[in-house]
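Chain B: place on chain A using the hints.
Sequence lines, in order, name chains A and B. Its first residue numbered 135, the first sequence is counted upward by one per residue in my numbering. Its first residue numbered 5, the second sequence is counted upward by one per residue in my numbering.
Misleading hints may appear alongside valid ones.
As the list claims (entries may be wrong) - Quick list of the computed label-pair ranges, beta carbon to beta carbon: (1) A/Gln226 with B/Val16: 36 to 44 Å; (2) A/Ser162 with B/Leu58: 22 to 30 Å; (3) B/Ser69 with A/Lys199: 24 to 32 Å; (4) A/Ser162 with B/Glu56: 38 to 46 Å; (5) B/Gln86 with A/Pro152: 39 to 47 Å; (6) A/Tyr173 with B/Thr11: 36 to 44 Å; (7) A/Tyr173 with B/Lys26: 23 to 31 Å; (8) A/Glu237 with B/Leu58: 29 to 37 Å; (9) A/Lys207 with B/Pro65: 18 to 26 Å.
Claimed, not checked - When the alpha-carbon atoms are kept at most 20 Å apart in a straight line, the in silico PhoX-like pairs for lysine-lysine are as follows: (10) A/Lys229 with B/Lys57; (11) B/Lys13 with A/Lys229; (12) B/Lys13 with B/Lys57; (13) A/Lys191 with A/Lys241; (14) B/Lys45 with A/Lys229; (15) B/Lys22 with B/Lys57.
Since the hints were derived computationally from the structure, they do not count as laboratory data. The model shown is predicted, which means the values in this text are computed figures rather than measured ones. Note that the Cβ used here is the ideal one computed from N, Cα and C, for glycine as well.
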Amino acid sequence: AQRVTQPEKLLSVFKGAPVELKCNYSYSGSPELFWYVQYSRQRLQLLLRHISRESIKGFTADLNKGETSFHLKKPFAQEEDSAMYYCALRVQGGKLIFGQGTELSVKP
Amino acid sequence: DTEVTQTPKHLVMGMTNKKSLKCEQHMGHRAMYWYKQKAKKPPELMFVYSYEKLSINESVPSRFSPECPNSSLLNLHLHALQPEDSALYLCASSQVQGTDTQYFGPGTRLTVL
Numbered sequence: 135a136q137r138v139t140q141p142e143k144l145l146s147v148f149k150g151a152p153v154e155l156k157c158n159y160s161y162s163g164s165p166e167l168f169w170y171v172q173y174s175r176q177r178l179q180l181l182l183r184h185i186s187r188e189s190i191k192g193f194t195a196d197l198n199k200g201e202t203s204f205h206l207k208k209p210f211a212q213e214e215d216s217a218m219y220y221c222a223l224r225v226q227g228g229k230l231i232f233g234q235g236t237e238l239s240v241k242p
Numbered sequence: 005d006t007e008v009t010q011t012p013k014h015l016v017m018g019m020t021n022k023k024s025l026k027c028e029q030h031m032g033h034r035a036m037y038w039y040k041q042k043a044k045k046p047p048e049l050m051f052v053y054s055y056e057k058l059s060i061n062e063s064v065p066s067r068f069s070p071e072c073p074n075s076s077l078l079n080l081h082l083h084a085l086q087p088e089d090s091a092l093y094l095c096a097s098s099q100v101q102g103t104d105t106q107y108f109g110p111g112t113r114l115t116v117l
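Isolated chain A (complex conformation) (with noise of 0.2 Å):
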């Protein structure tokens, strides 16, 4: 089966806190997997895909095949983070199935 899991529905923090949203897989191929964020009002957007391991906007996250996750971590969190946050997976013929998303509040 290929399943993204969310299990977060909401995480909310304060500011400067750290955070990590959780996403689990399922797939038998070889994972590509994807975070994207929606700000209110604004697109989807590209956060970050394992493939880069690169880090934006203070965020990473690392793919552990061994426990099938790719968690998001950011080190304190902002304001501005505020968002909702998609997991996805990257199939065969390059479809994209998206976890149930993690919303995500920063308070002051």
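Same frame as chain A, now just chain B:
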């Protein structure tokens, strides 16, 4: 131009109407996608076009009819829709199908009365 644009932003239609959604990109991408996103839910793939040919149809009802007239343009023709078809319709494009990052448009918010 490095964006995917979609028109209209909002559309309200009756169940007997015929309307079309339009998506455009000038990034030279040869793969274009339609997704449907219900409120508080993730996007779900509907169609994929690769080099102007339909590559994937995710068993979408025939009341949705995609069209790719050229490499920059993607349309979604709507006819006899149901109220449950009300959603945000997202267009995306990528360099080629399967291996490249997908870039999303802002979406068309469709309401079917």
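Hints and how they fare:
As the Cβ distance of A/Gln226 to B/Val16 is approximately 37 Å, the hint placing it in 36 to 44 Å holds. Between A/Ser162 and B/Leu58, the C-beta spacing of about 26 Å keeps the proposed range 22 to 30 Å intact. Range check, B/Ser69 to A/Lys199: about 40 Å between beta-carbon atoms, so the 24 to 32 Å window is missed. Range check, A/Ser162 to B/Glu56: about 31 Å between beta-carbon atoms, so the 38 to 46 Å window is missed.
For B/Gln86 and A/Pro152, the Cβ-Cβ distance of about 45 Å falls inside the hinted range of 39 to 47 Å, so the restraint holds. Roughly 21 Å separates the CB atoms of A/Tyr173 and B/Thr11, a value that falls outside the hinted 36 to 44 Å. Separated by about 24 Å at the C-beta atoms, A/Tyr173 and B/Lys26 satisfy the suggested range of 23 to 31 Å. At about 34 Å, the CB distance of A/Glu237 to B/Leu58 agrees with the hint of 29 to 37 Å.
Judged by the Cβ atoms, the range 18 to 26 Å given for A/Lys207 and B/Pro65 is violated: they are separated by roughly 40 Å. With a CA separation close to 16 Å, the supplied pair A/Lys229 and B/Lys57 stays within the 20 Å bound. Of the pairs offered as hints, the one joining B/Lys13 and A/Lys229 is violated, with about 25 Å between alpha carbons and a cut-off of 20 Å exceeded. Of the pairs offered as hints, the one joining B/Lys13 and B/Lys57 is violated, with about 26 Å between alpha carbons and a cut-off of 20 Å exceeded.
A distance of roughly 18 Å separates the Cα atoms of A/Lys191 and A/Lys241; the hinted pair therefore holds under the 20 Å criterion. Note on B/Lys45 and A/Lys229: the hinted pairing holds, with a Cα-Cα distance of about 17 Å set against a maximum of 20 Å. Annotation: proposed proximity of B/Lys22 to B/Lys57 is violated, straight-line Cα distance about 23 Å (limit 20 Å).
Against the hints set out earlier in the document, violations occur for numbers 3, 4, 6, 9, 11, 12, 15.
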